[in-house]
Amino acid sequence: MANFIDRRLNSKNKSTVNRQRFLRRYKNQIKKSVSEAINKRGVTDIESGEDIVIPRKDLSEPVFHQGGGGIKDRVHPGNDQFAPGDRIPRPPQQQGQGSGQGEASNSGEGEDDFTFSISKDEYLNLLFEDLELPNLEKNQLDKLIEFKTVRSGYCAEGVPANIDIVKSLQGSIARRIAMTSTKRKEIKELEQQLLALQNDKHDHIQKERELIEAITLLKEKIAKVPFIDTFDLRFRNYAKQAVPTSKAVMFCLMDVSGSMDQATKEMAKRFYILLYLFLSRTYKNIDVVYIRHHTQAKEVNEHEFFYSQETGGTIASSALELMNQIINERYSESQWNIYGAQASDGDNWADDSPRCKTLLEQNILPRTRYFSYIEITQRAHQTLWQHYQQVADANPNFAMQHIKSVADIYPVFRELFKKNTQNAA
Amino acid sequence: MGEDEIMATSIKEKNKKNSTLKESIKDSQHLAKQEANETSPLDDSSDWTFELLDLYQQEIARVAKHYRLDTYTNQIEVITAEQMMDAYASVGMPIGYSHWTFGKKFIQTEQNYKRGQMGLAYEIVINSSPCISYLMEENTMTMQALVMAHACYGHNSFFKGNYLFKSWTDASSIIDYLLFAKNYIADCELKHGISEVEATLDACHALMSHGVDRYKRPQKISLDEELKRQKEREEYLQSQVNSLWRTVPKAEKSNTKQHYKFPAEPQENILYFVEKNAPLLKPWQREIVRIVRKISQYFYPQKQTQVMNEGWACFWHYTILNHLYDEGLVTDKFMIEFLHSHTNVVAQPEYNSPYYSGINPYALGFNMFMDIRRICEEPTDEDKQYFPEIAGSDWLDTVHFAMENFKDESFISQYLSPKLIRDFKLFHIHDDSSNNFVEIGAIHNEQGYKKVRENLANQYNLSNLEVNIQIIDANIEGDRALTLRYTPHNNVALGDSKDEVLKHLHYLWQFDVKIIQEDKEGIDQVIASCPVQEKKEKE
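Respectively, the protein sequence lines represent chains A and B. Under the working numbering, the first sequence has 257 at position 271, and the numbering climbs by one with no breaks. When you read off a place in the second sequence, starting at 1, and then add 5, the result is the number in the working numbering.
If you are wondering where the hints come from, they were derived from the structure by calculation, not from laboratory data. In this text the structure is predicted, and so the values were computed from the model without any measurement. From the three backbone atoms N, C-alpha and C, an ideal C-beta is built for every residue, glycine too. Fair warning: there could be bad hints in the mix.
If you want the footprint, here are the derived chain B segments under chain A, 3+ residues with CB under 8 Å [to be verified]: (1) 52 to 59; (2) 200 to 214; (3) 285 to 296; (4) 349 to 356; (5) 404 to 418; (6) 464 to 477.
One-sided excerpt, in silico: chain A residues whose CB lies under 7 Å from chain B [to be verified]: (7) N(-11); (8) I(-9); (9) V3; (10) R5; (11) R7; (12) G55; (13) H62; (14) G64; (15) Q67; (16) F102; (17) C141; (18) A147; (19) I149; (20) V152.
Construct the complete structure from the given sequences, taking the supplied hints into account.
Shown next as C-alpha cells:
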C-alpha cells in the first residue's frame, strides 16, 4: 500500500545546474555587482564570497495579467463594522490588485532588490572571467631559498655543548662491557676453582693463594677500565637543509597624480588583486606595502592608496626610492621574496625617467624576485615607457605591459608566467 | 489573529464529534481491532523511526479505507530541508528540466528560509501514480502522521477521484513524461546551445497559462507514445506548417472581397497555435512549446481546485486522526500537538489583521467540508431550506460526491452555507474604479448570503482571474502578422507586462504581433505591438 524511501542521503544540490543557469543568465548584472563590490573590498580580502544585488525588475518573468481599473468584486472575512451600501472613500494611491494569484505575486512585495550570496570561487570566476587564469600550480616562480638547521643523527666529534649524554653513556657501557668480558669470564672460572678447592677435604693453601691473587689481579684490571673515554663521546649532529621561504612582500606602487582617474585606479586594483592571488598560492605570509606617489612618495594604507585624490606633477623615481628604502629597513632580501608592481598612466617628468631606470637596474631589480610595470593609458607612450623598455630588455625579472582596458590585464600575467617557466626549465 | 477563536471551535467540534462518531462506527471487524488496540496506543515520542512511520501509516490506511478513500499507491519519501527547497524550486515537479527560473526560485526560497522569513511546508505531494509525497526529516512523529493522513490519503484520493484530474491528467505517465521532457531539453541544449533553448523556454513560460485547453479534453500523455511519435510528429508538423503557408491563395484570386480567415475561430490556446502554425519555428522548438504546454495542462486542474484539494486533505487528516484518537490508538499528547498544528493551518485572519492575505484556502475548504458533514448529520431548518438534497443524507456519500464532481468555483456556489458565511463574517466589496469610493455590496445577512456566495465563487473562477486573450487572426496572405484580441473582464485593463510578453510571442512567431482591444465606441484599438508600431505617428 505504501513504500517508504529514505531520500535524505541522496545527492544534494539538485538545483546546482539551475543555479548555474541563473548565474549565467544574469552574468552582466552580477558582474556589475561584482565590480562594484571590488571597490568595497581590500586587495587582500579574497577568502569570502560576495553578496550580489540585482534589481528585482530585471528578474521578473512577464505573464499576461490583469491591470488596474475596472470593476472588482472581492469577498473578505471578518466583517466587524460594515453594512450593505456603506461607502468607503478610496484610500489615496490605491493600486489595482493585479492578478489574484499566480506568478505576479511570487516576487514578493516591498523589496526592490534581489540579494543573494555567491561563493568565493564563483566570485573569483566572475572577477577574472575575461582573464582566464593560467594554471598556477604548474608555473611556480623560483623562490628564494632559505636554510634551516635540522638534526641529522650523531657524530663522534663536536663541541662540548652538543654532547649527547645518553648516547655517550650508552657507548661507555658498551665499551666497558666489551673490554671486560673475557676478564670477568676468567674470574668466574677461577672463583669456581677456588670454591672447589675450599670444599675439598684436603687443604690446598698454596693453590688457593695463587687463585686469590689471580682473581685480585683481574679485578684490578677490570677496575682500571675507564668509566668514560673520549671514544664514547657522541655529539648531536646538525645539518643545513634548504627550504623555500614562505614570506613575501608585495610592493604596490601607483601614480596618484591628477592624471590618474578612478577608473584607471580600479584597473590597477584588479591587477594588484590578481598578483596577490597568485602570490597567495605560493606563499603563506604576504605583506603588502602601498606606495603612492606624485612628486613625492608616501607609504599609505590601502584605502588611502586607492581613494585619495592628489594633484600635481609626477616623479616616479620618488616611489622607487622609497621602495628601496623600505626594503633596506624592513625587508631584507635574504629573508623575503620581494615583488614589485607599479601602475601608472605613463606620465612622468621627462628628466626623471633615466633616474628610474638606474634605480631599478642598480638597486631594486637585483633584490626583487619580480617587478612588473603596467601602463594604463590610451595615449602614446612617453619617456618612462621607453626607459623601462631598455630595462626589460636587459632584465629577465622585469615585465612591462600596456593596458588599455580591463581585458588586457591577463596578457601581463601571461608574460610573467612564460618567463618564469623558461627560467625554471 | 483570530486563531484562538478557531481553535476553540475546532475543539468544540471535536468534542461533539466524539459522540457522533462512535455511533457511526458499527463495523464489527473494526470494533474488534479497536478492542485489540485500545490498551496499547502507538508510541507518541516525538522522534520518528521508519518502523513507527510504518505503524502509523498502516493505521491511517486502515481508517482511510474505512472511509472509502480510494488512493494511488503511496510512495513516501523522507527528505531534508535542502531537498525540500529543491522541490520548491522545481514547482512540485519531481523531475524538472534545467532552467534559470528554477535556480532563481531556489535562491529566493533559500534566502527567505535562512532569514527565517518563512518555514518550509511539512510536505509536498505530487499527482502521480504511485503518488509521491515528500516528508520533511525535521517533522516530529505527530507531524509525520498528520502529513501522511493529509497528503498520502487526503490529496492522493483527491487526485484519483476529482473529475478534473481524472479527465485532464494522467497520473501514471507524468513522471515518465517529465523525464522525457528533461532529457529532450538537455538534448536540445547540446545540439542547439543553451542560449537558444533558454530563449525558447522563456518565451513559452511567458505564455504558459495560455497553453491550456480549457474545454477540449487533451490527449493523455504517455512516454512510449511520445517517443514513438515525437520523431514523426516533428516532420509532420513542419510539413503541415510549410503546406499551410504554401497553400496561400494566389494574389490575383484573393483580390476579391473573400478574405481567407485564419484561424477560422479565435484560438485561446496560444501555445498550441504557435506550435502548430508558427511559420519559422524549428522542429525542436515546436517540441519544447509542446512540452511546456503539456506541463501547463498538467497543473491546470490544481489551479482550479486549490480550496477543495486543501480542504479535502485537511478534512481527512482531521477526521482520520480523530478516529484514531477515539480508538485509543493515539495519546492525548499526540492530539494536543496535532491540534496545535492543525489550527495554525486552518486559521483565517480577518480582513483587518496584519496577517491577512486573502482567504486561506485551507480554512475555507476545511470548514466547508466540515460544514457539509454537519448539514448531513445535524441539519438546521435553514440548512433544510438551502440544501434540501443533502440535509440529513449520508455524510460520507455526500462529501465523496462533492469531492468528485466539483471545482472550487462550483463547489463554493453549491455548498457554501449561510452558517459558514456567518462564521467567517464574509462581506463583499464592490470596487468600481470610476468611483472614488468602494462600496459594501453584501454582508453576512439573509439578504446577502447568495450575493456573497456568488461573488466568492467568482473569485475562484479562473476565467475571470486569468486574462482573456485570444488569437483572432494570422495574416497568412500578407505580412504574416499575428493579431490577438484582449477582451476585458469588468473593464479591467491588461497589465503593464503586456509589452514584455508580446516580445516573447514575437520571438516564437517571428513576425509582427499585436494585441487589440475594443474601445468604448466599439472600435478596435491596438494596445500593444511588437515590434512597436510607429505608423500612426508617421501618418
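Cross-check of the supplied hints:
no., hint, in the structure
1, 52 to 59, "holds (count 3)"
2, 200 to 214, "holds (count 7)"
3, 285 to 296, "violated (count 0)"
4, 349 to 356, "holds (count 4)"
5, 404 to 418, "violated (count 0)"
6, 464 to 477, "holds (count 5)"
7, N(-11), "holds, 5 Å"
8, I(-9), "holds, 5 Å"
9, V3, "holds, 5 Å"
10, R5, "holds, 4 Å"
11, R7, "holds, 4 Å"
12, G55, "holds, 4 Å"
13, H62, "holds, 4 Å"
14, G64, "holds, 2 Å"
15, Q67, "violated, 9 Å"
16, F102, "holds, 5 Å"
17, C141, "violated, 62 Å"
18, A147, "violated, 62 Å"
19, I149, "violated, 64 Å"
20, V152, "violated, 59 Å"
This entry does not satisfy hints 3, 5, 15, 17, 18, 19 and 20, going by the numbered hints stated previously.
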